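Participant: Here's the letter readout for the chains.
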Amino acid sequence: MSRDKAPTVKFLNVTKKSPENPQSATILQNISGEVPANHILTVIGPSGSGKSTLLSLCNLLISPDEGEVLIHSKEVREWTVTDLRRRVGLVFQTPTMFPGTVLDNLNLGVKLQGKTLENPEKWIEKVGLPPEILKQSANDLSGGQKQRVALARVLANQPDIWLLDEVTSALDPTAAREVEEWILQLQSKENSTVLWVTHNLDQARRVGHITWLLANGRLVEALPTEEFFENPQEDVTRRFLIGELGGIQA
Amino acid sequence: MSLITLSFTLGFVVIAFFLSMWFKLGLQKDILIAAVRATIQLLIIGYILKVVFHLQDALFSLLLIALMIGVATQNASKRGKWLPHAWIRVLLAITVTEVVTQGLLLGLRVVAPTPQYVIPISGMIVGNAMVASGLLLNRLHSETSSHRQEIITILALGGTSKQAVYDYVKQAVRASMIPTIDNTKTMGLVQLPGMMTGLIIAGADPIQAVRYQILIVFSILASAVITSIVLGFISYPGLFNEFQQFVLSDSPIKK
Chain A
1 MSRDKAPTVK FLNVTKKSPE NPQSATILQN ISGEVPANHI LTVIGPSGSG
51 KSTLLSLCNL LISPDEGEVL IHSKEVREWT VTDLRRRVGL VFQTPTMFPG
101 TVLDNLNLGV KLQGKTLENP EKWIEKVGLP PEILKQSAND LSGGQKQRVA
151 LARVLANQPD IWLLDEVTSA LDPTAAREVE EWILQLQSKE NSTVLWVTHN
201 LDQARRVGHI TWLLANGRLV EALPTEEFFE NPQEDVTRRF LIGELGGIQA
Chain B
1 MSLITLSFTL GFVVIAFFLS MWFKLGLQKD ILIAAVRATI QLLIIGYILK
51 VVFHLQDALF SLLLIALMIG VATQNASKRG KWLPHAWIRV LLAITVTEVV
101 TQGLLLGLRV VAPTPQYVIP ISGMIVGNAM VASGLLLNRL HSETSSHRQE
151 IITILALGGT SKQAVYDYVK QAVRASMIPT IDNTKTMGLV QLPGMMTGLI
201 IAGADPIQAV RYQILIVFSI LASAVITSIV LGFISYPGLF NEFQQFVLSD
251 SPIKK
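Here the protein sequences come in this chain order: A and B. Okay, so the first sequence: first residue is 1 according to the numbering used here, each after it adds one. Okay, so the second sequence: first residue is 1 according to the numbering used here, each after it adds one.
Since the hints were made in silico from the structure, they are not lab data. All figures in this text were calculated on a predicted structure; none of them were measured in a lab. Careful: at least some of the hints might be erroneous.
What the hints assert, rightly or not - Restraint-style ranges between C-beta atoms, simulated for each label pair:
| hint | chain 1 | residue 1 | chain 2 | residue 2 | range |
| --- | --- | --- | --- | --- | --- |
| 1 | A | PHE98 | B | TYR47 | 54 to 60 Å |
| 2 | A | GLU230 | B | ASN138 | 55 to 61 Å |
| 3 | B | PRO237 | A | ASP235 | 47 to 53 Å |
| 4 | B | LEU108 | A | SER63 | 50 to 56 Å |
| 5 | B | LYS81 | A | SER63 | 21 to 27 Å |
| 6 | B | VAL247 | A | GLY33 | 25 to 31 Å |
| 7 | B | ALA34 | A | ASN13 | 56 to 62 Å |
| 8 | A | LYS111 | B | ALA34 | 49 to 55 Å |
| 9 | B | ALA38 | A | THR116 | 45 to 51 Å |
| 10 | B | ILE15 | A | PHE98 | 51 to 57 Å |
| 11 | A | THR116 | B | VAL99 | 40 to 46 Å |
| 12 | A | THR116 | B | THR184 | 54 to 60 Å |
| 13 | B | ALA34 | A | GLY48 | 23 to 29 Å |
| 14 | A | GLN113 | B | VAL99 | 33 to 39 Å |
Said to hold, decoys possible - Capping the alpha-carbon separation at 35 Å, the derived lysine-lysine pairs in DSBU-like fashion look like this:
| hint | chain 1 | residue 1 | chain 2 | residue 2 |
| --- | --- | --- | --- | --- |
| 15 | B | LYS81 | A | LYS111 |
| 16 | B | LYS162 | B | LYS185 |
| 17 | B | LYS185 | A | LYS115 |
| 18 | B | LYS162 | B | LYS78 |
| 19 | A | LYS122 | A | LYS10 |
| 20 | A | LYS135 | B | LYS162 |
| 21 | B | LYS162 | A | LYS17 |
| 22 | B | LYS170 | B | LYS78 |
| 23 | A | LYS17 | B | LYS81 |
| 24 | B | LYS162 | A | LYS122 |
| 25 | A | LYS115 | A | LYS135 |
| 26 | A | LYS122 | A | LYS111 |
| 27 | A | LYS126 | B | LYS185 |
| 28 | B | LYS162 | A | LYS115 |
| 29 | A | LYS122 | B | LYS170 |
| 30 | A | LYS10 | A | LYS135 |
| 31 | A | LYS74 | A | LYS115 |
| 32 | B | LYS185 | B | LYS170 |
| 33 | A | LYS135 | B | LYS185 |
| 34 | A | LYS74 | B | LYS162 |
Even for Gly, the Cβ is constructed at its ideal location relative to N, Cα and C.
Next comes chain A alone, as it looks inside the complex (with noise of 0.2 Å):
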């Protein structure tokens, strides 16, 4: 597959302290990085290494305390905000539905905006839902139908990059493995970048282009996926990989 090379997304020496503790506590540690357009960066680590708080930064839900985060060039203090938002897709991993149908909530990202969505059937059978469930309440549904909805509703906005944030990890495996294969069939038609944070190494090995470690807020280890598990060069990423680094000082 032909990928242009251009940076999308990418991290200049970005240091993010703790809001409660500024003096002392840092999430995240002079990280440097940058993710091509039309690419898939999986972001794997230890619980509390900085991986969701690294995508909260590129749609500047938080700001860094230090360095820059650039979205195709622009650094993200520099836009407007909301169109951020709308170009920088942000997925969580519990998806917050909102009183109301199906609908409603697919609406939502578009409605901020004063329009109404197009075909919004279109939309939902993306995320291989069928359009019958427009009509639902969206508090009804599965916590797997609860994910997709959540997902053609950033998607409606029709955002060039894509933020995951563990979006398959409250799935059974089942519809884990639904909703990931859903995701990679869209990316590819919509050539999309996208930023998945995973804490399945399979997972992080099946759909990456490009892969990265974060522990204790540095990033350790950042190499094209295959030669990340396959050879990776250092030794807290082996340790990772075979299960040992769990909490452990990088």
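With the hints as your guide, set chain B onto chain A.
Facilitator: Relative to the frame of chain A, chain B by itself:
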């Protein structure tokens, strides 16, 4: 009422004191402080009002109203420790409420522009605005804390800070107005309001007393609505920073 007769009312304080002691409520100290404070404050305000009414000078009336607004602001702002510059927002909301409500009463010549009318009515308007402010700040904090994920989801979808919290501000405004509305609905059925009771005890015609009470009830209703709406919509921007990030901390912000 003579001072000796008045002193008999201390019996009520004694009853409250001993009941608290008997049931080990631990409120004896608070009861004593409250009784002493209320007596001193009322005596002071009584003498101040006597002077102000005698002088008939608008400046003294304005100073007294400013003092009421200041104390009300200081008291209501305690409920907004989580909100940056809460006292400025409360001050603005209570001042707007007083100016609009009192302005209408004076402008429409409903009451005479004399200290005897302006000061007591202002006291009721400002006092009610203070209660509405405290309720609003409490409710706004609980609504936005408990809907943190919904707010962040809307922001992440490209919504503005106003779009993200609009429903929760509305809920807080409604909640802060409910006690006033409920009071208004049951007025005269459940309780005879303080001002009307005072007028009747002082020998006024009950019908005349009712007319004044209606004026006060409507003013108080308007003041609750104005305070809640103004404070609600000038408070929510304090929940966000310049990048429309939701910055409400789980622990109260010390400002």
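Participant: May I ask which of the numbered hints given earlier this structure violates, with the numbers listed in increasing order?
Facilitator: 9, 12, 13, 17, 27, 30, 33
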